[in-house]
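Sequential numbering from 1 applies to the sequence shown in UniProt numbering.
Possibly wrong hints are sitting among the right ones.
To be verified - Taking lysine-lysine and the DSSO-like style, the derived pairs with C-alpha atoms no more than 27 Å apart in a straight line are:
id : residue 1 : residue 2
1  : K24       : K104
2  : K47       : K19
3  : K117      : K24
4  : K24       : K71
I should point out that these hints are in silico values taken from the structure, not numbers from a laboratory.
This structure is a prediction, so every number in the text was calculated from the model and none was measured.
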Amino acid sequence: MAVKVLIVDDAAFMRMMIKDILTKNGFEVVGEAGDGAQGVEMFKEHKPDLVTMDITMPEMDGITSLKEIRKVDPNAKVIMCSAMGQQAMVIDAIQAGAKDFIVKPFQAERVLEAINKTLG
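Go ahead and model the full structure; you've got the sequences and the hints to work with.
Here it is, written out as structure tokens:
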């Protein structure tokens with residue numbers, strides 16, 4: 001059975017890029033959310049195996065969304081994505097429970113490596 005992934009990013013272009021990498025590699029994208037609040041709702045609805053989460057988004061940022069998702073499921077596997085490779089944000093994300101961190105622009109190999117490592 002394919003691994004179910006939820007993509008949360010306010011940039012439609014980024015969602016499309018991640019979705020393209022995932023579907024080409026046999027993953028099933030069960031949903032796409034444009035902000036963190038929508039991401040939390042879609043997580044509850046679809047119960048994906050993995051979430052890719054942007055950090056900087058309107059409504060609710062990725063770190064807040066990550067914390068909310070982990071309240072719903074403490075074992076949720078979330079990989080953070082951001083163009084801002086700032087050390088503080090990476091640390092905040094990991095402390096909030098992120099399993100890995102991918103910096104934009106994405107390299108397909110890096111995305112797959114992070115996913116495979118996270119899924120164990």
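Evaluated hints:
1. In summary, the hint linking K24 to K104 is supported, as the alpha carbons are separated by about 19 Å, within the 27 Å threshold.
2. Distance check on the hinted pair: K47 and K19 sit about 17 Å apart at the alpha-carbon level, within 27 Å; holds.
3. As the CA atoms of K117 and K24 are separated by approximately 18 Å, the hinted pair is consistent with the 27 Å bound.
4. Taken as a hint, the K24 and K71 pair is broken in the structure, with Cα atoms around 31 Å apart against an allowance of 27 Å.
Taken one by one, the earlier hints fail for this structure only at number 4.
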